[in-house]
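Residue numbers (our numbering), protein chains in the order written: chain A, 1 to 549; chain B, 1 to 133; chain C, 1 to 320.
Just so you know, the hints here were simulated from the structure itself, not pulled from any lab data.
There's no promise every hint is true.
[As the list claims (entries may be wrong)] Sample of chain C residues with no beta-carbon within 10 Å of chain A, all distances over it, derived:
#1 Q31
#2 G116
#3 V273
[Said to hold, decoys possible] Just so you have them, the derived chain A footprint on chain B, three or more residues with Cβ under 8 Å:
#4 34-46
#5 65-79
#6 101-114
#7 120-131
The beta carbon of each residue, even a glycine, is placed where N, CA and C say it ideally should be.
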Amino acid sequence: MKEDLNKIREERAEYDKALASCSSRDEVGFITTSSEPVDILNTPADIEGFDYLRDLGLPGSFPFTRGLHPNMYRGRLWTMRQFAGFGTAKDTNQRYKYLLDHGQTGLSVAFDFPTIYGRDSDDAFCEGEVGRCGVAVSSPEDMETLFDGIALGEVSTSMTINGPAAVLFAFYIHAAEKQGVPQEKLRGTIQNDILKEYIAQKSWIFPPRPSMRIITDIMGFAAEHVPQWNTISISGYHIREAGSTALQELAFTLADGFAYVEAGINAGLDVDTFAPRLSFFFNAHNDVFEEIAKYRAARRIWARHMKENYGAKDPGSWLMRFHTQTAGCSLTASQPENNIVQGLAAVLGGTQSLHTNSMDETLSLPTEKAVKIALRTQQIIAYESGVANTIDPLAGSYFVENLTNKMEEGAEKYFEKIKKLGGVVEAIEKGFFQREIADAAYRYQREIEKKKRIIVGINEYVEEEKPDIEILKIDPQVEVEQHRRLKRLRENRDSDLCDKRLEDLKAACRGTENVMPRILECTRAYCTLGEIVEAIKEIFGTYTEPPIF
Amino acid sequence: MAKKIRVLVAKPGLDGHDRGVKVVAAGLRDAGMEVIYTGLHQNAEAIVESAIQEDVDIVGLSMLSGAHMTYFPKVRNLLDEKGASDIMLIGGGIVPDDDKQKLIDDGVVVALFDPGTKLQKIVDFITKSVSKD
Amino acid sequence: MSKLAEQVLSGDRRAVARLISAVENEPEKVQDELEKIYLNTGKAYRIGITGPPGSGKSSLTDTLTLRAREEGLSVGIIAIDPTSPFTGGALLGDRIRMQRIGLDPGVFIRSMATRGSMGGLCAAAGDAADILDSFGKDIVITETVGVGQSEVEIVRVADTTIVVLSPEAGDAVQTLKAGLMEIADIFVINKCDRESAGKLVLEVRSMLELKAYDDAAWRPLAIETSATKGIGIDELYNAVKEHKAYLEKEGELHAKRLGAAIRKIHDLVVSQVQRDLQSAEVTKELEKLAKLIMDGKLTPQSAARKIISKLKSRKTGADS
Chain A
1 MKEDLNKIRE ERAEYDKALA SCSSRDEVGF ITTSSEPVDI LNTPADIEGF DYLRDLGLPG
61 SFPFTRGLHP NMYRGRLWTM RQFAGFGTAK DTNQRYKYLL DHGQTGLSVA FDFPTIYGRD
121 SDDAFCEGEV GRCGVAVSSP EDMETLFDGI ALGEVSTSMT INGPAAVLFA FYIHAAEKQG
181 VPQEKLRGTI QNDILKEYIA QKSWIFPPRP SMRIITDIMG FAAEHVPQWN TISISGYHIR
241 EAGSTALQEL AFTLADGFAY VEAGINAGLD VDTFAPRLSF FFNAHNDVFE EIAKYRAARR
301 IWARHMKENY GAKDPGSWLM RFHTQTAGCS LTASQPENNI VQGLAAVLGG TQSLHTNSMD
361 ETLSLPTEKA VKIALRTQQI IAYESGVANT IDPLAGSYFV ENLTNKMEEG AEKYFEKIKK
421 LGGVVEAIEK GFFQREIADA AYRYQREIEK KKRIIVGINE YVEEEKPDIE ILKIDPQVEV
481 EQHRRLKRLR ENRDSDLCDK RLEDLKAACR GTENVMPRIL ECTRAYCTLG EIVEAIKEIF
541 GTYTEPPIF
Chain B
1 MAKKIRVLVA KPGLDGHDRG VKVVAAGLRD AGMEVIYTGL HQNAEAIVES AIQEDVDIVG
61 LSMLSGAHMT YFPKVRNLLD EKGASDIMLI GGGIVPDDDK QKLIDDGVVV ALFDPGTKLQ
121 KIVDFITKSV SKD
Chain C
1 MSKLAEQVLS GDRRAVARLI SAVENEPEKV QDELEKIYLN TGKAYRIGIT GPPGSGKSSL
61 TDTLTLRARE EGLSVGIIAI DPTSPFTGGA LLGDRIRMQR IGLDPGVFIR SMATRGSMGG
121 LCAAAGDAAD ILDSFGKDIV ITETVGVGQS EVEIVRVADT TIVVLSPEAG DAVQTLKAGL
181 MEIADIFVIN KCDRESAGKL VLEVRSMLEL KAYDDAAWRP LAIETSATKG IGIDELYNAV
241 KEHKAYLEKE GELHAKRLGA AIRKIHDLVV SQVQRDLQSA EVTKELEKLA KLIMDGKLTP
301 QSAARKIISK LKSRKTGADS
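Pulled out of the complex, with its shape left as it was, chain A reads as follows (with noise of 0.2 Å):
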């Protein structure tokens, strides 16, 4: 069917002429959630030039842009992997088990902020944080606790950390052969994607440089002995919760996994070995179709930079897998119902796996009901919603195709602007993405405060009462039974090996030898997180981020 381009152009300008004199809702801005302006329709003649199996293929095809698999969620649904982590390993283990039971099909760690940053739980800067954000993992044993009874061989576990990934990949590795598990069988992700540290989560600890080391190190040792696991979750999420566009949320989040591979070749990794277990964790904010143009032009511009600039043969290398979270930032204590809207773009947009954001999560981490019903909103869109019965719906829409395109040439174009500036990591030395992300996260603000962009129940149908929901509180207990913990772990550990050990970490941080089976060693001598990364502190320093507004 060969569309008559011209006559449609002729025809959409009478019809550009004849909306003047149409009545306009213009006091509100017609923006995405990016302030991009939406164009009111779209016609053949916005996607001339489209070639379908050049720019969409078949699912499970190269380029992938409607999926990365044959048969999408007909073969599997994506996993429901719902974020969870609070108090002390063992009140963590009992929720676990409450979403297991509750059909949740893979794990996901919340740690506290002192295990963030790779502090024990009795170090004197963390008084007041000890499990109030997440669960405190402070030692191997800690790690043990949170995984009683959950069998590690059966079960795909994802952990939020960067800053000392290594450490706690280490802790789940001894945690798992403690179960009698080997090391080949275990699934799982580390997020370790610590360039988004610097640029938005802000949780690093040592410089840029040599986190880069680390990583490289723990791609390695995983290509090697835990092929299995995914050992860096590639993050757009929290890019866009510090305020950033689509635009930049997959313009960043990409920039970073090529500068990943990258680094891989760079120390002497062959492409194939590593680059099948690189993943990543995109945001499912409230404008659906730019959501889902974002993950199908993320798919594209993967598969054809792999491809075609890194010369990967192996076709896992192509696949963009990913993991979907529900905006945070979205939420209001009035709006619980926002996950649907944004649970349906990923879905729409064919993520392996989604968090949905819980409704009480304005006040305080997920009460069990808050976070059941998040679940079941998953479940409603699977089973009732019937969006999961066929692939990529919305291909051959004009907008949505469109708006893929742009979406890819705006990525294409930020591109060039990292490789001007000298690479991803020199980017941030010079506070590039910082200043787009603050920029872009005041204008947002900017809108609500002029009314260009509503938000129900923040700038209009705001309403006095405030809903009365029952919300999790954290004992501070649990701080005082951390420190019992290390205390009585401190006392009963042979001391010497640890010292022992430790000093072959910082032996192999100053060298190039791996340092992952030196941080095992040191983990099976059951040091500390907080003694190991202060090893490793010693030898690679720290990092204080420029002042950027």
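Given the coordinates of chain A, assemble chains B and C onto it according to the supplied hints.
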């Protein structure tokens, strides 16, 4: 030179989420105030020392990590100890209602702003509070 | 207000901060306090640091301060950042770069905004430096972006003026055209570990070579540093010491401070005259005379003479 309202905005503790504090800082600047931002990972002592050296009218803490019942009282007490009881303490972030009420009732903070609060509301509050002196 | 000078001299940090605020907000009300502390000034060695935005001035200030602290010297820092011309507000983020010294009791850091181009910044910054001097600081560093006339002026009155350049922070030659070249006693090429730094170093050194200096005059030094990596800090510190020694030997320090004293008297007189001009009585007279000019009955020159004799016959001093 015209008198300006000076505000110190700080991120105490380990929490690295700085989108809100940066948006607030920019909003206060656009309302004509002088805003000193401490950066991330500050302890109470550093925050108070900065507040005193900068002779600010208001200290604002951004707390999303759940450690608010530790840091707000700590900063308030330290300000008082160092003879700066006239410097007002406000904040924002993730603070459940009952904790919020307690902090206000105990005189630790004069106001806490929920996520989604309009910048103008914060600006108006600060302007009104400072002019009362 | 009246106890502030006493409190500053007795070491009260809060009083120091409050007096600095007063010189920013209402200097005419604290001239007495400033007069009281003035006799305690003169001991601090004053360093001015300027350069384009992003050149690393704050990081350099931080490392230099640490170095000075190693020798047991106390440091006062005034960090000046621009006020937005549109909103009148300012984001003052220099402290972020100085976290290592933030809790050191021997260090006092004050962030200051330029607050518009109508003047007053020079006086306020100068007064703030005096306050920190009288407070007992051995070194006072004033750090500012050298874009405006007044900011260049602020660092020019320092004993040692350092101009900081870096490879990415704009075109070096253009910066120098803005008048910074003439005032620099020391040039710092910061971020010297970057690839393009080498080129900048060559540019600066050849520019210095081209300039003619008297035999006895101070030839500006060019030092390469990386503030974040700790490279070249000792060299910079020693360069400052060298300049200080030169100034003292040649009597230049005395001459400089004499010039500064003259300028200070000049500025105080001008401020007073400006205040008098703005008084209700004189304003009324001005309006009357302006009307006569409009009616063609008087020239502006004649009107000015009338005002000047009116000012001369008023009671002088801060008590009007």
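Evaluated hints:
no., hint, result
1, Q31, "holds, 35 Å"
2, G116, "holds, 20 Å"
3, V273, "holds, 39 Å"
4, 34-46, "holds (count 4)"
5, 65-79, "holds (count 6)"
6, 101-114, "violated (count 1)"
7, 120-131, "violated (count 1)"
Of the hints listed earlier, those the structure fails to meet are numbers 6, 7, in rising order.
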